[in-house]
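Visitor: Spelled out, the chains give:
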Amino acid sequence: MSKEELLKKLSDYVYEMEDLDIPEVAKEYLDAGHSAHDGVHQGLIKGMERAGDSFADEEYFVSDLLFASDAMYAALEIFEPALTGDQATEKLGTCIIGNVEGDTHDIGKNLVKTMLDAAGFNMIDLGKDVPVQEFIDQAETHQADVICISTLMTTTMPVMREVLEELSAQGVRDKYKVAIGGGPVTEKFAEEIGADGYSENASEAVNLIKRLLAIPNE
Amino acid sequence: MTKVKNMTPKQRREALKTGQPVDRMPIMMFHPDYAAKLVGDSISSSNFDSQKLANREIAMYRTYGVDEIQIQYFRMPMKTGVMTGNLSMVKELDLSEFSPENDHRQKINIEAVKLIQEEIGDEITLTYGISGPLTLAGGLVSHEALLRGFRRDQETVHELLRFTTDFLKSLVDNLAQFDDLNFFIFDPVASGSLISPKQFREFAKPYLSEIIAYIHESYDEVGLHICGNTTPVLQDIVDTGADAFSLDQIVSITDAKEAVGDQILLMGNIDPSRYFLQGSPQEIEEKVYEAYRDGHDTEAGFIIRSGCGVPYHTPEENMEAFINASIRCSREFYNLED
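Just so you know, the sequences run in chain order A and B.
Just so we're aligned, residue 1 is where the first sequence starts under the working numbering, counting upward by one.
Just so we're aligned, residue 219 is where the second sequence starts under the working numbering, counting upward by one.
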């Protein structure tokens, strides 16, 4: 198989959620001496982007995105040792991401993380039920560009406001872009609490973060 | 037309069933969180105290005259060490561990039902809200593990759903002392935003149908709410045997009415976050008007309702706007006398 055919197969296997079979394809690709960087970018990430597009078109469901990301990560494990030196990808930026304190619904947050990861961002995932100060401390530690905050519950939406208020109180608000999302969250709420952006779903989140950081879409 | 005033929810329901005049149409919402605020409790403190649970529902009824009050069972207790976020422990699940003696939630709820029925049971039929089999399953093994199981381990997922369905039957049995109850099933994990129609038909529908049929052996009414976009599975929802379907705000009432409005009573669907929580009273009035405009001629019936849970921090004036607009619009659209 040619490099192009293998890249197509990697993309297809992510898109078709073949998490059990994709490692073999990744090995075959590396054994043939092809660039790991290309394999990730022109194969895996392309497949994940296709899955994201199908999700935006309502052809794919959350469950499909989850399975596609399983396939992507299964192949990434094979590629990672080969991604050294100039093969290593230059990241577009660093994002802190987590569900606010009191919220444990993290499927949506995980999908946003996956899509941003695939798009080339360095993702620091704080998990779910994350205390307000933790977002700020981790953003400082990792010199993050963006803080992404998620909740699925109206009861914990006020905690998002607290994160913004604390960032201001501690004099670091201007160092970060803050993006929020999750089921009950709206554009209006984002404006009201002074967040920089809101995204309705995981595939839109990538465009949002790129826009916030003024990164052009290829 | 005969002028009727100040009917109780029971009288109103009975009149509607028999084609008699009513004072207004029923008003319903998913209000437990808001009701907790109404009586000055936190959500968690009132959830674990029978008297507080009863107080908040009675207060909601007395304050706003709502036509539905609920005691809810949403999540099975996690037995430490049994569930580890994957499907491997499903075989160890044991129904006897979830008897009312061991399961505090059931015990608290049964007490709360008694307290409410003593106080206002002659005016309103209490609704017992339960999670659907799929949602209980997700709560037990984690939602990601459940979704992955759809693809890799259907057999274990079915075994788990067998368990949660049997559990729900036992929960219904444990309520046998109460003969005047309605039921409402919440199945957010069966959401069209989360799973595909094919997965809905395989993993949600059969078990929902089974538990609804089981409840119908002893009780008249079983409502169903599924979050997210359910447009592609509306006919399947009708097939489950539910008596009413509550639409999420992202589903068009008109579309639902055209698809299944001749077969099932529709409820909906004022956006809880966008309007109850963040909207103005004027916006709520507009949305209530639009909901009645689109829904009132549903052949099998229409009831105004919130699209999902009404937030704790909903401003009082928004709640009042919802109630007042619902009364006004229902009289307007159904030609009822003021």
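Accuracy of the hints is not assured; some may be wrong.
[Claimed, not checked] Simulated coverage check for chain B against chain A, where a stretch passes if three residues somewhere in it have a Cβ under 8 Å from a Cβ of chain A:
| hint | segment |
| --- | --- |
| 1 | 255-262 |
| 2 | 405-419 |
[Unchecked claim] Just a few of them, taken from the derived set where beta-carbon distance is under 10 Å, the chain A residues facing chain B:
| hint | residue |
| --- | --- |
| 3 | 63 |
| 4 | 122 |
| 5 | 184 |
[Stated by the list, open to error] Computed, partial: chain A to chain B, Cβ under 8 Å:
| hint | residue |
| --- | --- |
| 6 | 62 |
| 7 | 107 |
| 8 | 154 |
| 9 | 155 |
| 10 | 186 |
| 11 | 189 |
| 12 | 194 |
| 13 | 198 |
| 14 | 211 |
Since the hints were made in silico from the structure, they are not lab data.
Think of the CB as a built atom: it goes at the ideal place given N, C-alpha and C, for glycine as much as any other residue.
Visitor: Hints first: check each against the structure and report whether it holds.
Guide: Going down the list of hints, with the structure as the test:
| no. | hint | result |
| --- | --- | --- |
| 1 | 255-262 | violated (count 1) |
| 2 | 405-419 | holds (count 6) |
| 3 | 63 | holds (4 Å) |
| 4 | 122 | violated (23 Å) |
| 5 | 184 | holds (4 Å) |
| 6 | 62 | holds (5 Å) |
| 7 | 107 | holds (6 Å) |
| 8 | 154 | holds (4 Å) |
| 9 | 155 | holds (5 Å) |
| 10 | 186 | holds (6 Å) |
| 11 | 189 | holds (6 Å) |
| 12 | 194 | violated (15 Å) |
| 13 | 198 | violated (12 Å) |
| 14 | 211 | violated (23 Å) |
Violated hints, listed in ascending order, are 1, 4, 12, 13 and 14; each of the other numbered hints is respected by the structure.
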